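Heads up: the protein sequence lines correspond to chains Z and R, in order. The numbering used here numbers the first residue of the first sequence as 4 and each following residue consecutively. The numbering used here numbers the first residue of the second sequence as 2 and each following residue consecutively.
Simulated from the structure, these hints should not be mistaken for laboratory data.
Have a look at the derived ranges for each label pair, beta carbon to beta carbon: (1) Z:Leu96 - R:Ala345: 56 to 62 Å; (2) R:Gly541 - Z:Ala100: 46 to 52 Å; (3) Z:Asp52 - R:Ile393: 28 to 34 Å; (4) Z:Glu16 - R:Val348: 40 to 46 Å; (5) Z:Pro155 - R:Leu338: 53 to 59 Å; (6) R:Ser323 - Z:Glu16: 48 to 54 Å; (7) Z:Gly86 - R:Gly541: 35 to 41 Å; (8) R:Leu123 - Z:Val122: 28 to 34 Å; (9) R:Pro327 - Z:Ser54: 30 to 36 Å.
Owing to the predicted nature of the structure, the values given are computational and were not obtained by experimental measurement. Built from N, CA and C at the ideal position, the CB exists for glycine as well.
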Amino acid sequence: MNSAVLPQAITSEQRARAVGTGLWLFIGVATTLFSLFLVAYGMRMDAADWSPIAMPWPLWLSTALLLTGSVLMHRAGRAARAGRPEAARRLLLAGGAAAMAFLGSQLWAWQALIDARVVLAGNPAASFFYVLTALHGLHVVGGLLAWSVAVPALAPALADEPSATWRIELCARYWHFLLVVWVVLFAALGWLTPEIVRFICGRG
Amino acid sequence: MAYADTEEILHDPHTFITKYVWSQDHKVIAVQYASIAILVGLLGLALSNLMRLQIGFPGVFEFINAERYYQFVTMHGMIMVIYLLTALFLGGFGNYMIPLMVGARDMVFPYMNMLSVWVYLLSVIVLLASFFVPGGPTGSGWTLYPPAAILPGTPGHDWGIILMLVSLVIFIVATTMGGLNYVTTVLQARCEGMTLLRMPLTVWGIFVATILALLAFPALFVSGVMMLLDKTLGTSFFMPALVSMGQVTGYKGGSPLLFQHLFWFFGHPEVYIVALPAFGIVSDLISVHARKAIFGYRTMVWAIVIIGALSFVVWAHHMFVSGMNPWFGFFFATSTLIIAVPTAIKVYNWVLTLWRGDIHLSVPMLFTLAFILTFLSGGLTGLFLGNVSVDIPLSGTYFVVAHFHMVMGVAPLLVVFGAIYHWFPKVTGRMLDDRLGHFHFWVTFIGTYLIYFPMHYLGVLGMPRRYYNYENYQFIPASAHSLNVFITVVALFVGAVQLVYVFNLVWSTFRGRKADPNPWRACSLEWATPDTPPKHGNWGAKLPVVSRWAYAFNVPGAKQDFIMQNAALDAGGVEEQPKSYGASS
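Isolated chain Z (complex conformation) (with noise of 0.2 Å):
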């Protein structure tokens, strides 16, 4: 180990535990940021120039597949904290092949959209329908990076690794909220309407 990479001064139990609280402080970071996005996307909403825009059905296959990723990777959690780190493994690798399949139907999704000519800027419910999902695309590109860390530390020479039952767990929780995330912003994006944004509003 060369001079310039300084291991942490701290036990690899109090490391778990700082990068698991780390990540539920960066889960409330990423959901104060899709609240507030939501919240404008309903108060853009009101405006006169609204119309909605059909939900292009490769969204449907994109939502399974999340599905799957999320279960696989609970799974690969439950797999390394049994002690079968080669079923961990394994399970861990489709989780991640399951969130980048998730975002190749996303992009089918979006080619679907300007096959049928709604474009970024044509109206605003198509401009927040590619900003959210690019923004949520961006999240799961985050999730997949911290993905490609755990996935070395689970080589089999690798596997009596202590960090390696807890990095999978932590990806797995990531997992659950990109697939929460996803549902709640497919249900905005797909079914709230003004009207239904007026009755929260109390102005129904």
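Got chain Z; can you put chain R on it based on the hints?
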């Protein structure tokens, strides 16, 4: 060498590059953050002096045309609020003080911490680059309100506003990386015995301010991203259908009010992101330099937490002039005034700490006392402006300029100065020069009052803010013009004297008097490091163990007038426990 309390070996950085440039040591990162912030802050100061030149002597300086004036206003505001104060309090003081004060070897994510400061530098470079692009920096005012900010007619509507928004987004990434570190370190890396309610109030202030930053900056991020898209890709999030300079724009249906809500949902907590660390630091300085435990430690902690929570439900008081449902105005006026309650508790507690204290008028203490006065006068005008009916006539005048400069410009800066005089010996191992310090204090304290107090009068007189030129308005009397000349002259002098302070910083770093490890005889952990300045890893072979709070001053029967937090338990001075806990233990 392996430390008894770590499983891993701590490698010391050996080369100059790893020690001072790509450093992961929180203390080096703190100094990097603070140095960048102070340098960019000096630019902000210079910009304010250029503005004052125009207001005091309109037309004399031909290079200050209307366009440049608005660019100076905008860049001054943004630099001071975001790139100086936020970065200095969280990135500078947060980085330096948190690990030392809670007894940790470093932040929990040192690598991310290092990234944070370099990303911050990148945001500053992007911001400054806007001075050199065609059209110059944006001149839309620091609030960047659309539609004006991105339409022709506003200076820097082309490249300036884009660079400003990109810089802000980068800054938010840096702050988030730092913020996750500070909060996690406080929650997970405190040494043995350091309960949350034994932490010095400095840590409490920075801790809660960081949580506010983590929850408030996303609002700026959201509005920044949407405005960038409106500007570059022609979406209509904020841009209504309008005709600009005779041209029909492609925008339609967007809501400028939506931007204001998002901006101020960030903008108001931002005030407390700057104020809460200042509150915390002042509490510690006052206690140390008055040799007395802080009065009402627990109420101080609760006041910080409650102020932080309330700061998220008052944002629309910045939008009274934008118009809103009267019931909303009533709600936001009420919530605004309620914040005065925990804030007043803090001021009373500071004053009660001084009561019968052994007050040492050292330079840090002078700045602390000046803060209390300045914050009080700035806060009281806040009570005026919190009322809708008073705010609407005053909002566009110099009264508001006086209010926010007093309360969130001068007051936190006085704390920054006091804190640097206080902790400089720990950071460098040398004392700042005392005579220069006194000179700097009296000029800054009296000077800022001479600058901002008359602005209240100008505001009540009706002098509008944001104007480039005040000539030929019948309602502005000649006396107001002479007052403006006076303010400008004082501002130039006070600005120049800050260079004396910078000289003091640089000179004392290398030539200052050598400092004792604990020159102010304080109790908190940062003064208990085996080395001054602390070495990499902070604590030598063994982490400290804490037995009491940080305010064990003048404990009856003790050998000295203070007991360190990590002194053995039988030295006494343990904080009082609340009755309900005391009965069972």
